[in-house]
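Enquirer: Put the two chains together into one complex; each comes in its own frame, and the hints tell you how they fit.
Each chain, letter by letter, is given below.
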Amino acid sequence: MITVKYFGAIAAQANVAEEMVLFAEQSLVDLIQAVTTKHNFDTVSYSVAVNHELIQDVATYDLQSNDVVALLPPFAGG
Amino acid sequence: MESKRYNRQIILSEVGESGQEKLKQTKVLIIGLGGLGAAILPYLAAAGIGEIGLLDDDVIDVSNLQRQVIYKTTAIGNQKVAEAAKMASELNPHVVINTVAERLSSKNAIALFNQYDIIVDGTDNLNTKYLINDVCCAINKPFVYGSVYKFEGQVAVFNYKNGPSYRCVFPEDNATAASCNEAGVMGISVGIIGMFQANEVLKMVLGIGQTLSGKLLVYNMLTNEQQKFNVSKKEFLITDNEAFDEKYNSTESAFDTISAIALEQYINDENSLLLDVRNPEEVPKLIASNCIAIPLSELPSKLDLIDATKTIVVFCQSGIRSKKAIEILVKADFKKLLNVAGGMNAINKIKNNEVVFTS
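Residue numbers (this note's numbering), protein chains in the order written: chain A, 1 to 78; chain B, 1 to 359.
I should point out that these hints are in silico values taken from the structure, not numbers from a laboratory. A hint or two may mislead.
The calculated lysine-lysine pairs, modelled on DSSO-like cross-linking and capped at a C-alpha distance of 27 Å, are [what the hints assert, rightly or not]:
#1 K215/B x K233/B
#2 K349/B x K324/B
#3 K351/B x K331/B
#4 K234/B x K247/B
#5 K38/A x K5/A
#6 K4/B x K285/B
#7 K302/B x K285/B
#8 K86/B x K5/A
#9 K5/A x K107/B
#10 K5/A x K228/B
#11 K349/B x K331/B
#12 K24/B x K5/A
Isolated chain B (complex conformation) (with noise of 0.2 Å):
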């Protein structure tokens, strides 16, 4: 029965029967069941990938159903992980799937990645493919990398058979770029990168073609060009779980994430200082009376300017550069330290793209 469902890839002389048993003995992650997970986990579980791990915190939300193909109408409101598990296991009961409904932290990453073989990258920030790259370089485990922008879309394997990272691409974790929500983008873009990836997962397990690893894939969909450029790799920051630690951990204890609905209290109120670490250029600007700006770049030369005995709720435009920032005032021994998750961004959102606050 199992053999006759995957007849027409096992009389592949490329797959045949071992591969079809490669195929069932692999355990892949799908962090995100976005667009991209909406276009990896059919192809993978219809394929007959063994056990599938699915993580996303995310309920489904009514401007999703343009990408997120997998889930229905009368589906809206419901968690992301329990529909995307039902779907897989409606089209294909012999996939073990496991739900996290859970948001990726430095603190669960490492004992979930060890669970599986593959990490695929369904993610919409670059904050957290950082940290897949970062606990993937920690434990040894290769991740498909996927993102989109508006029409073009990046395809590349990552820390596969001790080839290059993601930062080996993109060294520095202060960059910024749009997601789909900000940028806009059609639901096919993000379904081509999804297959691209789930493609790239398949080569990887049959151990057929030539996979992405030490490339960076860019696809135009507008113009159907796609160009791959060769990426060599550079020292690893992270090789062990130590150093991970060290990195992520030892800094997180060290302050508490707050909401942008959480960070109104914190305006005017003469005993917090409110940090933008921003470019002067960078806004909308947040007006008030105990807010100062001092440039990520300027921030080791300035710490004078800050007051340590007050409560430091630190902002930038998306909730990275203040990551950065804090790294550097737990360093130089601030205490009482607040990081806005998802910056001027998040608060510009929820004040419906008003400028915000007043002194």
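Isolated chain A (complex conformation) (with noise of 0.2 Å):
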């Protein structure tokens, strides 16, 4: 399994702050296609993480079972 973390506007989109995805041999890319298909995340940017860690490569990246992904929008209100 796979955990997703949802932040600001994304948790707003996908109505739900985390999720478990089944875990099949997935690359990240595959992973954010299928939730950004899935809550229609198109019209908000964001930044993705696997463990706490940012991802600058997320074409190339590889995940692992129990990964914890988050996906984080900037935020701009002050």
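Expert: Laid out in structure tokens, this is it:
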């Protein structure tokens, strides 16, 4: 299983703060594609962390079982 | 007298007389005196930071008072920096307070930042956060970032002792995010995040604890959950004044910015072209005989659709992507370019949220 945590406008769009995704040999890109399609995140920009590390190269990152993925949009309120 | 004022912190072994002297020798610039600034300023002034600069061009509105708790109801309509300076001086007359009632721009930023040791971001829009970051990278100043979305807040220390910058976390400056005005916010939320920022400033000056350099802290006020994410450093895009000027000032001199109100004179005007660079699903649409839509991502390949003889008025949802679009147009040698400040959000606001203009 992979845990996916949502923050800010992403959580508002998904309507949940976190969810579990069944794991099957997955790249990070595939996972993001799947949750983006499910929740329609297209209009919100965000950065991605895995196990509390910001990922610079999302395209080549492979997930392992029990990873915790976080989608972090920038906030702008002040 | 002065050391009696600070007695309760001087008796902390982590502070002491020497720590107090460090605070006195430090100059901090607070950008934005809204909800974050209203929490940052009183704690830094009370702790005895020697010199504090206040930058904000806004006046106090009644809708600010629910979260910008340093302002009084009787001060509605007054300059924020003037009222904030008065509050801080009354709280601690030993602090030198400088006020600048201007909006931060690529023109005034470098000279201003050079006068301070630490920059604190109390702004409410992404455009300015990228500008703060890029100036700090160009002249090597640390800045303390803070931002709120509804009941969540982010805090980080950027560009500190060769650490990562804001662009290492959020690389793309065509991102969009809602401000407090758009998304709504409790006063407490900006207060908590502002105090986290003030705490980072004091730790940096005193050299105690661990700062949030290389970290992004996310705090949720509804669950009290807080998480820290590690940020690694990427190559900086801007490392000196020259690179900064290239990004900001070479483009800025090539176009003008107009307000949403001023946009009206270009609607249906045959000598101008309104260019909507938003994605097709973004609403409301601006309906006018001289308006065309080319999403920012497609702009480089569709430049031939744009009539270069006309005044080109570019807009997006908030005014960030339209600036990117203008950068592209400047490079492609288009002249007569106008950027609509605040984009469709600003246009829609003055039109009372009605779908605007018909042809």
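Enquirer: Which constraints among the numbered hints does this structure fail? Numbers only, ascending.
Expert: Violated: hints 3, 6, 8, 9, 11, 12.
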